[in-house]
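Chemist: Residue numbers (our numbering), protein chains in the order written: chain L, 1 to 214; chain W, 1 to 587.
Think of the hints as simulated: they come from the structure by calculation, not from any bench.
Cβ coordinates follow ideal geometry from the N, Cα and C atoms, glycine included.
It cannot be assumed that every hint is accurate.
[As the list claims (entries may be wrong)] Cut-off 30 Å, straight-line C-alpha distance, at most; resulting in silico cross-link-like pairs (DSSO-like, lysine-lysine):
#1 L:Lys-177 x W:Lys-578
#2 W:Lys-161 x L:Lys-5
#3 W:Lys-578 x L:Lys-4
#4 W:Lys-38 x L:Lys-8
#5 L:Lys-4 x W:Lys-31
[Said to hold, decoys possible] Far from chain L, some chain W residues (derived; all Cβ distances over 12 Å):
#6 Ala-91
#7 Tyr-93
#8 Phe-142
#9 Leu-166
#10 Gly-303
#11 Gln-345
#12 Gly-405
#13 Asn-437
#14 Ile-452
#15 Ile-520
#16 Thr-531
#17 Lys-571
#18 Gly-573
[Unchecked claim] Pair by pair, the computed Cβ-Cβ distance ranges are:
#19 L:Gln-100 x W:Asn-577: 34 to 42 Å
#20 L:Gln-100 x W:Glu-308: 49 to 57 Å
#21 W:Ile-396 x L:Lys-54: 52 to 60 Å
#22 L:Arg-118 x W:Glu-308: 48 to 56 Å
#23 W:Leu-492 x L:Ser-179: 54 to 62 Å
#24 W:Lys-404 x L:Lys-54: 49 to 57 Å
#25 L:Leu-160 x W:Lys-522: 25 to 33 Å
#26 L:Ile-117 x W:Tyr-566: 46 to 54 Å
#27 L:Asp-57 x W:Lys-522: 49 to 57 Å
#28 W:Lys-150 x L:Lys-54: 37 to 45 Å
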Amino acid sequence: MLLKKTNKSIELIDNFLNCVDQSLLLFKEGVKNYLYNNTENFNNDILQLANSEKESDNLRREIETTLFLQSLMPQLRGDIMRLLEEMDNLIDQAKKNLFQFEVETPHIPAELISDFIRLTQTSVSAAESTIPAAKSYFNDPVNVSEKIHRVYFYEKEADLMADIIRRKIFKEMPNLKLSEKFHLRYFTLHIENISDTAEKVADLLSIMAIKRMI
Amino acid sequence: MLTCLFLTSGLFLGWLLGAQGASNIFDRAIKTRMVKFKTAAVIGSLFVVLGGILQGHNTTGTLNELVPLETVGGAFTIALCAALVVITTTAIYRFPASTSQAIVGAIIGWSFYTSAGLKSEILFKIIASWLLAPILSAACSFVLYFLVRKSIRSSRMHVLKKESILRFFLILAGALAAYSLGANNIANVTGVFKNSFSTSLLLGGLHIPSAQLLSFIASLAIALGFFTYNKKTKHAIGNGILSMTSETIIVIVMAQALVMFVFSGKFLSGIFSNMGFTALAATPVSSSQILVGALVGVGLIKGILDLEIKKALGEAALSAITTPLLSLIITFISLFFMNNVFGIQVANRTTLPETLLPNEAASATRTYQIASDTSQQILIGTLVLLVLAFSIYMLIRNRRSYTKGKSEGYRQAKEYQLFDYKNALGAIEETTVQLENVSLATQLEKKKQQLITYSLNIGEQRRYLEHIAKSIKQAINSDNIEVKDKLLKEQLMEIEQRMSFTGEVDEIYRQAEQVHMTFIEKINESYPNLTNKERKILVLLRIGLSSKEMSPLLNISTKSVEIARYRLRNKMGLDRNKNLTEFIQSI
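With the hints as constraints, model all of the structure from the sequences given.
Modeler: Structure representation (structure tokens):
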């Protein structure tokens, strides 16, 4: 009976992590579609991402209620809730960014498209790497540090790429208006922020894993 | 009725024992909210009663073997003194004193007083068990923790599933520990009363013999302790020592259960006999000391043997030495009063030496000696009330000191906070003053420079005016008109040259350079082939001056300024459509 309820909670957590994974994929596709002017696909991605975000919110609340109602892991549940909140932030940010692309329609010069795609992929890779790390925390905390190493690596790469893009915008593109430069800088920052949130998740996970191993 | 009244001291000791046991077994599980208090209390009390009834006779037998005690008065005094010692030493060391050690100390005190033969072999076995129990507990928890941790890590089980399973096993371990506590420590309550308690009960067709009834009543007292233990206490052993994960808690409880179970039966003595050692008796051991042993075991495997564990070890050792000694002394003195003042029989006449036997003649003269049964009942009742009052006093004192300490802590924390705020404000104030000072010093320096410039200027002007005055004087004094004209023309030329304001223009240029430093750097980087004069024109254009305004400053005509601007446009490669001033403003 008790394990039945526990299995349900485990299933909810797995679903949540899958939801995060799916949302990140949608974000990646969405940015790509925007950059290549596939408006129809881009709108579709936005819609799906919004649904995914709603679902993840519901799942997070359900997990929270289950953990508290069944008094599961009183010592760890605070940490676990924080972890889920931080991971939910990843989806929120992805959704917000895609909406910003839709509303503000930034003009991205052709020579920057490949850079933006690379930045998006690296930033999303950092975020995606938190999922196996989180799964590892639940099943095998000893290996968490190994998994979060990838997050740190991708985050650093994303920072580097964002810097390169910013340098290109401000130093090598005199034809762009200052307002356009600022606009592009903000979008670089928004995409980069996803990897920063992933880094926060990784930091939290590393502490949580240590707590579980002491 | 009198026997029941005498039994109250034992029950009081049982209640104390139950409260300590509950704290040692379930406190960590309740504090980490892995087990609810109600569940812990119900399961704990149920299994403590079971343990006491089913297996309590072994340890009771050992205490009985140590010295056969047949008078209820003696048993009452022993249990009462043990309870008082437990309360007192717990309050002193803030470490739960062992009821087993208190009761054995009291029994030794009784045997000294009555000169009853104490079986030293049994006493040796009891002391050896006390030493062995924490060591065994440490070894047990060490092995158990190693196995539990290894199996959990290798299983790669989901943390939720692991927690659920561990919680189930924790309740099981708690039940087993409560059973072992009942089986092991019930002797502390029943051991001294076993021979003097002869009441049996007939329930329907079921006859409950006195020994079983006594065990049952004692178990109920311990169970009551489980329900009433102070779950808010912060002095429970191990709190704050190790990070209390579910694995740690389960191992600690399991180690307690196993060790107390081993010392409750003949199992250990069998092993020791087979190994060729002296057989160890089933002995009541201290659950608190076993708990400290278990913490050391877990601490060793975790590699954390910090100051707190060492402190707990020291307290346990001190308590283990002080409790039996204090109990011995207090019992000895109390027995004297009980026997001689209150006339309560504390031992059989056969075991009591002649000097201690109540003297018929003397008793006639002692007016304070109370002999009648009713008076004895009143006396015992008063004593029990006194003990209760003492316990309540100790409890209130402890709580007061705790509340006082807490409020003192709050006050200190507030003071520290205030101090921190003041420090922070002071630091801000200091930084502000320093910044103001720097700014004032800069201003002062500027003013000084200005003063120097003014004074130099005044000197220069004075020298120049003196020079003019001298020339004019020469012209006046000269009789030759040609010389006069020449001198006056020279002066006029000099004055006209002076009117070109070279110094002032340089000053304007210098100040503009300071304000538009970045602009000048950019110009130098982008157009390195410009002349100094052209750079000056650019700076003046940046300030926003027109060609007409620039011409007197540069000491050239407006037309020349226009030509210079045209050259500049060419050098900078500007289109015809582009405005030079706008372009310069946009850099």
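Chemist: Against each hint, give a clear statement of whether it holds in the structure.
Modeler: To see whether the hints hold, each was checked on the structure:
1. Our distance criterion of 30 Å between C-alpha atoms is met by Lys-177 (chain L) and Lys-578 (chain W), whose separation comes to about 17 Å.
2. A hinted pair counts as satisfied when its Cα atoms are at most 30 Å apart, and Lys-161 (chain W) with Lys-5 (chain L) qualifies at roughly 10 Å.
3. Under the criterion of a C-alpha separation no larger than 30 Å, the hint pairing Lys-578 (chain W) with Lys-4 (chain L) is inconsistent with the structure, at around 79 Å.
4. Note on Lys-38 (chain W) and Lys-8 (chain L): the hinted pairing holds, with a Cα-Cα distance of about 26 Å set against a maximum of 30 Å.
5. About 26 Å separates the Cα atoms of Lys-4 (chain L) and Lys-31 (chain W), which keeps this hinted pair within 30 Å; it holds.
6. Its beta-carbon lying about 31 Å from the closest one in chain L, Ala-91 (chain W) satisfies the requirement of being farther than 12 Å from that chain.
7. Annotated as non-interface, Tyr-93 (chain W) keeps its C-beta farther than 12 Å from every C-beta of chain L; the closest such distance is 28 Å.
8. Distance check on Phe-142 (chain W): its Cβ is at least 17 Å (rounded) from any Cβ of chain L, clearing the 12 Å threshold; non-interface status holds.
9. At roughly 10 Å from the closest C-beta of chain L, the C-beta of Leu-166 (chain W) falls inside 12 Å, breaking its exclusion from the interface.
10. For Gly-303 (chain W), the non-interface assignment is contradicted: its Cβ lies about 10 Å from the closest Cβ of chain L, within the 12 Å cut-off.
11. Non-interface call for Gln-345 (chain W) relative to chain L: holds, since the shortest CB-CB distance, roughly 55 Å, exceeds 12 Å.
12. Against chain L, the non-interface label of Gly-405 (chain W) holds: every CB pair exceeds 12 Å, the least being about 27 Å.
13. No Cβ of chain L comes within 12 Å of the Cβ of Asn-437 (chain W); the nearest lies about 38 Å off, and the non-interface call holds.
14. No Cβ of chain L comes within 12 Å of the Cβ of Ile-452 (chain W); the nearest lies about 43 Å off, and the non-interface call holds.
15. Every C-beta of chain L lies more than 12 Å from that of Ile-520 (chain W), the closest at about 20 Å, which supports listing it as non-interface.
16. The beta carbon of Thr-531 (chain W) sits about 26 Å from the closest Cβ of chain L, which is more than 12 Å, so the claim that it is off the interface holds.
17. Every Cβ of chain L is farther than 12 Å from the Cβ of Lys-571 (chain W); the closest lies at roughly 20 Å, confirming the non-interface assignment.
18. For Gly-573 (chain W), the requirement that its beta carbon stay farther than 12 Å from each beta carbon of chain L is met, with the minimum near 14 Å.
19. For Gln-100 (chain L) and Asn-577 (chain W), the hinted distance range of 34 to 42 Å is satisfied, since their beta carbons lie about 38 Å from each other.
20. For Gln-100 (chain L) and Glu-308 (chain W), the hinted distance range of 49 to 57 Å is satisfied, since their beta carbons lie about 53 Å from each other.
21. Taking the beta carbon of each, Ile-396 (chain W) and Lys-54 (chain L) are about 57 Å apart, inside 52 to 60 Å as hinted.
22. Distance hint check: the CB atoms of Arg-118 (chain L) and Glu-308 (chain W) are about 53 Å apart, consistent with the given range 48 to 56 Å.
23. Against the hinted window of 54 to 62 Å, the Cβ-Cβ separation of Leu-492 (chain W) and Ser-179 (chain L) comes to about 59 Å, which satisfies the hint.
24. Hint check: Lys-404 (chain W) to Lys-54 (chain L), Cβ distance near 54 Å, so the stated range 49 to 57 Å holds.
25. For Leu-160 (chain L) and Lys-522 (chain W), the Cβ-Cβ distance of about 28 Å falls inside the hinted range of 25 to 33 Å, so the restraint holds.
26. Judged by the Cβ atoms, the range 46 to 54 Å given for Ile-117 (chain L) and Tyr-566 (chain W) holds: they are separated by roughly 49 Å.
27. Our hint of 49 to 57 Å for Asp-57 (chain L) and Lys-522 (chain W) holds, since their Cβ atoms are close to 51 Å apart.
28. For Lys-150 (chain W) and Lys-54 (chain L), the hinted distance range of 37 to 45 Å is satisfied, since their beta carbons lie about 43 Å from each other.
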